[in-house]
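J.: Chain residues, written in single-letter form:
There are 2 protein chains.
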Amino acid sequence: MKKFVYSFDEGTATMKDLLGGKGANLAEMNNIGLPVPFGFTITTEACNTYYNKGNKLWDELIDEIAEKLHLLESKTGKIFGDKINPLLVSVRSGAKFSMPGMMDTVLNLGLNDDTVEALSKNTNNDRFAYDSYRRFIQMFGNVVMDIDKEMFDEVLERKKSEEKVKFDNELDVDSLKQIVKEYKEIYKKETNNDFPMNPKEQLLLAVEAVFKSWNTERAIVYRKLHKISDKLGTAVNIQSMVFGNMGDDCATGVAFTRNPATGEKKLFGEFLVNAQGEDVVAGIRTPHNIEKLEEIMPDIYKQFAEYAELLENHYRDMQDIEFTIEKGKLYMLQTRNGKRTIPAAIRIAVEAVEEGRLDEKEALLRVDAYQLDQLLHPTFDKKILKETNSIAKGLPASPGASSGKIYFSAEDAVKASKKGEEVILVRQETSPEDIEGMVKAKGILTSRGGMTSHAAVVARGMGKCCVAGCEALKVNERLKQFIANGKVYNEGDYISINGSTGDVYEGIIPTIEPEFSPQFVTLMEWADKYRQLGVRANADTPKDATKSVELGAEGIGLCRTEHMFFDEKRIPAVREMILADTKEQRKAALEKILPMQKEDFIGIYKAMGARPITIRLLDPPLHEFLPNDEKSLKSLAEEIKIDYEALKIRIEDLKEINPMLGHRGCRLAISYPEIAEMQTRAVIEAAIYVKKVEGIDVKPEIMIPLVSKPEELTFLKDIVVTLADKIIEESGIELNYLYGTMIEVPRACIVADDIAKDAEFFSFGTNDLTQMTYGFSRDDAGKIIEEYLDKKIFDKDPFQVIDREGVGKLMKTAVELGKKQKPDIKLGICGEHGGEPSSVEFCHELGLDYVSCSPFRVPIARLAAAQAAVINGDKVKYSTK
Amino acid sequence: MKKFVYSFDEGTATMKDLLGGKGANLAEMNNIGLPVPFGFTITTEACNTYYNKGNKLWDELIDEIAEKLHLLESKTGKIFGDKINPLLVSVRSGAKFSMPGMMDTVLNLGLNDDTVEALSKNTNNDRFAYDSYRRFIQMFGNVVMDIDKEMFDEVLERKKSEEKVKFDNELDVDSLKQIVKEYKEIYKKETNNDFPMNPKEQLLLAVEAVFKSWNTERAIVYRKLHKISDKLGTAVNIQSMVFGNMGDDCATGVAFTRNPATGEKKLFGEFLVNAQGEDVVAGIRTPHNIEKLEEIMPDIYKQFAEYAELLENHYRDMQDIEFTIEKGKLYMLQTRNGKRTIPAAIRIAVEAVEEGRLDEKEALLRVDAYQLDQLLHPTFDKKILKETNSIAKGLPASPGASSGKIYFSAEDAVKASKKGEEVILVRQETSPEDIEGMVKAKGILTSRGGMTSHAAVVARGMGKCCVAGCEALKVNERLKQFIANGKVYNEGDYISINGSTGDVYEGIIPTIEPEFSPQFVTLMEWADKYRQLGVRANADTPKDATKSVELGAEGIGLCRTEHMFFDEKRIPAVREMILADTKEQRKAALEKILPMQKEDFIGIYKAMGARPITIRLLDPPLHEFLPNDEKSLKSLAEEIKIDYEALKIRIEDLKEINPMLGHRGCRLAISYPEIAEMQTRAVIEAAIYVKKVEGIDVKPEIMIPLVSKPEELTFLKDIVVTLADKIIEESGIELNYLYGTMIEVPRACIVADDIAKDAEFFSFGTNDLTQMTYGFSRDDAGKIIEEYLDKKIFDKDPFQVIDREGVGKLMKTAVELGKKQKPDIKLGICGEHGGEPSSVEFCHELGLDYVSCSPFRVPIARLAAAQAAVINGDKVKYSTK
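Quick mapping for you: the protein sequence lines, in order, are chains A and B. Going from the first sequence to our numbering is simple: count from 1 and add 239. Going from the second sequence to our numbering is simple: count from 1 and add 239.
Worth flagging that the hints you see were computed from the coordinates, not collected in a lab. Every value quoted in this text rests on a predicted model; they were computed, and no experiment measured them. Just so you know, not all the hints are guaranteed correct.
If several chains are the same, the list does not tell them apart, and a pair holds so long as it fits within one copy or across any two.
Claimed, not checked - Straight-line distance between alpha carbons at most 27 Å, and here's what the computed DSS-like set of lysine-lysine pairs gives:
| id | residue 1 | residue 2 |
| --- | --- | --- |
| 1 | LYS880 | LYS713 |
| 2 | LYS466 | LYS996 |
| 3 | LYS996 | LYS1035 |
| 4 | LYS1048 | LYS1065 |
| 5 | LYS930 | LYS894 |
| 6 | LYS870 | LYS887 |
| 7 | LYS405 | LYS241 |
| 8 | LYS880 | LYS470 |
| 9 | LYS621 | LYS241 |
| 10 | LYS405 | LYS1114 |
| 11 | LYS887 | LYS632 |
| 12 | LYS956 | LYS1035 |
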């Protein structure tokens, strides 16, 4: 028969799956000889079986509980429900991962009208006994029977004011007895039953309540958010009571072995004298700092500090400990790895290596790469944030925090910025036309679009704070206002946005700039030492390039040339090029763009030095470069001397129903080889110039976007490579460059062997690849993806985390076919996924050469790549991750 | 050493790859004992080698030619270039496939100032000798040296008029000698060389000219059009001359063994007395009908008829024969399978079986499934067409021919049609809003969009004539006019469009309705007998369903429910549903639609009887159902009592940047399960009704569109199948239905095993699958695809012919994974490819259960499916296809 209940001496810390985190650690502490009140754990399997049996406890389980209870009685010398020497227990849930929304704790279970008297007599403390009893009824009523806590609190408050006392521990026994009476009445009224006097009934009800709490709404939502499987189930811990509320030689408290905010190695915690359980957290009285314990109970403190050290050494990590002191004796009630801020996590991990407690690889695994993001952007001052309510909440599209005046068009934003104003650009959604405004803005706020909408992607690329898809906002670009929470915000009003949380605030909130601790630097050095994946950045300007190098990028994995085209000074020539009637006119316009584009590359080459730089040829549909409001159109018509109506027709002709799947990517270069020629010339001539003048061994990699057929790559090779080689030969300089392609269309993955014939490298464009593999436009998908997550059709957003089953399989096919054709082909990724830890891990497993991501994500990618290398290097050892 | 030259007695008909079509057939005729002037063939490999050697003849080849020439001399007893008994030869190109644009023929080669005298003496016919000589100089000058034919013709015409004769055969020898002299002068002037007197030089120049003609512009274009590989090369045939121009006992002619227009079994051809080579075709004199030969040379005619019969039996197909009669002796100069119209092809194939010459399987292969299309639609009267120039040419998007008045909006089209006018709807492009207008129109003409644009797809679905993407047209919908060829056409003007060719004509051109011959019916019976694939139709209305059954459909493979939503009477309720604020409002609107939708299905079920009917749940993005002009918007706002501005915002909210990849397909049903519920109810209740009342065993198959994750299908199964089963159970009727999905998203192919768990069938939606696999929007791809075909990046349009390497591989993956999970899963295709012969063949190879296509393509699919089964059933036998 399957065993569903384990005594503490039957478990270990490794049995978290079966015993839950709390149960496994209680067993472990018991086994290493710490003073743990004895008890037993009902397994997570019992919880799952409970659900499988149609939400019913079953006889065998009840018998097994009784058996362990009996063992507990013999260990403690007390009897459950006994009128002379009653055993009291606590009942606590304990899933594998700690989880809010689950049933927490019922203390003092086993008390009834009889045992309370026995307790009173045995402790010679009737006040304590009835205090425990009233606590029990309230906890049981609230936690097990779901009676509103307020109802109990009202009685307590009333009693305190009647008695004119401030704190609950000042109430006398008669008041407590009165409270017990009234609590029982509440219980009866709310449940239609008398408060159960049978301790076994109490126990089974509590056990069932724990099981049920696994499937509360809040627990389900939490699991979804944190990607915890619904199938784990929760364990139940039943432990004999010790009391922190028997008098002033009693106390209860919680402590971290290190400071969870800073990581400083020093006990950090709080305690209350003469108190029980949740009193510390509940704030009924103001607790003391743990240092006070040293003062009032120096021996106990010393003992606790030793235990804390012992536990930290034992678990090899910072611990979060609960303890109770009963009549001068210390009991350990719980230990677990403590939650910490990211700066603390880094400091603790690095110091653990210095202290010889961890090796470097282990330390790398102790820092959550996802959290690293918090360190890399300015943040709002937390103190002020506490007092401020957000007026709306959107998607945390690009981390950081900024405040500024709101403007509703790129043009207005640029103007205001020129006047020295700090600007938040607010749009329904952004388009490439808005780039100039986005560059000038401190932050971007949109009411539509998802985590990979234009605004989000571009903002992340710029390392600029962005809140996207804030649907609670009614943005009216024409009236230059938005409505949030029923209030109208007009052009020029101040707001603040937090791109790390998605919150939007009224007014200005001061920010704090990020600083990197020495431990951060050390951790990153270790990451670089162990990772196998290269890490590059997506950067389009010398400024971004410089930032990338600062943050540790080893090259540029994606330099988007189109962003350079939107510059105020260039856009007229670009438009002239697009609207040219003949190849000659187009070439003349391109001649004007050439020196500017060359200048861009010179700047980027200088910033990057000898690091490789992947430059993508023009990608977006040409109509993105054209204005669409009447005024701009008219002035454009004048500028390039075209009849206004004719211009309108021309632009109408260029419009597409599904621009994502239209005339873009390599299709542009195939239609207008002269564009590819101009860009090739700019790339190569700039490289030759920098090599000549600066002596830098520039390594450009020319990348062709949106290839679906090998013939496309071959066609353009005839143009690009032929021209590049000619320019290089004429220069007399030796220059190495690569010719390769993005892999971002499903078909490219399927025929990657043929594509590899003409490609020296592949770079996975997983944004587009995900869009096309799913048939999801990232511009339109925001709402749908949210709905899919809600309805559990998605367990994660495939635009954030690579979809390994679908998109990932296509990538795998491409890698295999590409390597089969050309074993030394260079493989990278430049989609948004390149900075997302789980996707980085996948890229490591695929055997890519590098990942590339927004500059600000480079440290995340470095850490994630190192973690992937460590875990994959020793799967057995690190299987717990 | 490789052999590059073959005497006729060394070849056979099966050596077309090496000897070209002409050479192989000459060898074959020689070998079966027909009177063929002897000669030899220089191989296609020699041609390719010529190009590989940098366009130079090489010594070994020249030697080999000399050797075969020597053999020819000994066979004929004549000597090449001999002044006493000179050998004359013809030189003709002959690729594997006959091809216009290639060098045709040089006759009388070997003549010079000496040999012409010998010829004159030997034949005792100086007129003939000089006639041959002047012909030779002209042919050689024109064909080999590329001198303008006109220059020679001018001299001939001048001479005729000087001599006051009408025809060339009336010129006397002196005139001919004069002509020869002048021809030589022309030659000298144009080439800067004397006319070559050395016959061997003449021969090698001619051979080289044939090789060069393989790569003329025209030949290249032709090969591209007909998908003939550039690598085949052409052979050269050198044959001793026989003369049809030696007097009135001589003649030359061409004849088909059956009538190539009707297929009638009767010699069909023409000949000229005392003429040579191309005279018949060139129309210098009016040729006689072949029947006349029976009259004037009865023995020769009889002999020819016997040879014709023999050749037809030998080649087992209708032959196209060239012959020459020299002094009462018949020579066969060429035979090949004759080109024919599709009605002739069908009649010949069917009669060949009746005559015991072919078996049914072979007969099926003799009819080009592509051409079948011509039979199935009304056509313009060819006689009138001959005299009419088209004003523009677009894509032949949906075959058929119609004339009518032009209207520029669906609304106007509907109005005009109600007045009894025949309407051609002209739009820049159509959208689902135009459906009503498209239904009422006789034909549809768009200036944008490709072969699978909305207009094209819907028109084909309706079997309605459509010319799409006619970019030469400047359509101005606002002004209600278009400009073609510089002329303005206004609303109400008549035009005619030919959806089979893409031509647009001014005015009305009378049409002829299609009729099916008894042979057509027989051929289709055979097709049904041998094909393994089922053939269904895509049909959305009872009318289409009836048509489908008439054309042999065995079911409906795609019934698009959205087309039903556009009906005038329904669209208000549909819009109400879309704009509903709450689920309750939406349900109320759906309640109004339910009875109408049910009525639709009842009609379709009755039309289809017990045949299976795949019904796809609502697919297009909801904004397609909403108006976007101000007027319609205002009236809609009034109708459904919403504030106009609010309505505008609502509609704006629904708009998408890439609707193809947006909120559509199963995503709609997941967001609004009540839509799926209404549709399920309509499908099932209608089926129960028809079963009860009509006793028809209706077989509905509910199809979920755009699935990319198995979870989507599972989510909707809980809704659709649960409700369907409940309704069936309540009805007390037994009803079988299937639940399945379209496979139209790349990801669905990759995870097809998981999808198959909840799907009883897959239907490949290859339109969308192609779009997403390539990243090509079919609405926007027209221009790009044309460009890709031009630039040889595509060898065929993947929206017309399934892309086997890319999309096909995904399909194969889906089939394999689907069958692995569920061996008896039903597999079909309902994309446009389902009616395209090469794609049908691919579906056969994939092992699908059926294809589904527009009703009018059903016969094509039946034939193509039969051909695929026959060919795949015996790949060795039918490998020539």
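J.: Now tell me, hint by hint, if it's right for this structure.
T.: Hint check:
In this assembly of identical chains, LYS880 and LYS713 lie within 27 Å of each other by CA distance solely across copies; the values are 21 Å between and 39 Å within a copy. Taking the shortest Cα distances, LYS466 and LYS996 sit within 27 Å of each other only across copies (24 Å), while inside one copy they are farther apart (41 Å). Proximity of LYS996 to LYS1035 under the C-alpha cut-off of 27 Å is restricted to the inter-copy arrangement: shortest distance 22 Å between copies versus 36 Å within a copy. Taking the shortest alpha-carbon separations for LYS1048 and LYS1065, both the intra-copy value of 19 Å and the inter-copy value of 25 Å come in at or below 27 Å.
In the homo-oligomer, the alpha carbons of LYS930 and LYS894 never lie at most 27 Å apart, since the shortest distance is 41 Å inside one protomer and 50 Å across protomers. Proximity of LYS870 and LYS887 under a CA criterion of 27 Å is satisfied in both settings, with 12 Å inside one chain copy and 23 Å between copies. Taking the shortest Cα distances, LYS405 and LYS241 never come within 27 Å of each other, neither inside one copy (52 Å) nor across copies (113 Å). When the C-alpha separation of LYS880 and LYS470 is checked against a cutoff of 27 Å, the pair qualifies neither within a copy, at 68 Å, nor between copies, at 49 Å.
Taking the shortest alpha-carbon separations for LYS621 and LYS241, neither the intra-copy value of 51 Å nor the inter-copy value of 87 Å comes in at or below 27 Å. Neither within a single protomer nor between protomers do LYS405 and LYS1114 lie at most 27 Å apart by alpha-carbon distance, with minima of 57 Å and 98 Å respectively. For the identical chains of this complex, LYS887 and LYS632 are inter-copy neighbours only, at 24 Å across copies versus 39 Å inside a copy, given an alpha-carbon limit of 27 Å. Within a single copy, LYS956 and LYS1035 get their C-alpha atoms only as close as 39 Å, which misses the 27 Å cut-off; across copies the closest is 22 Å, which meets it.
Hints 5, 7, 8, 9 and 10, counting from the list given before, are not met by this structure.
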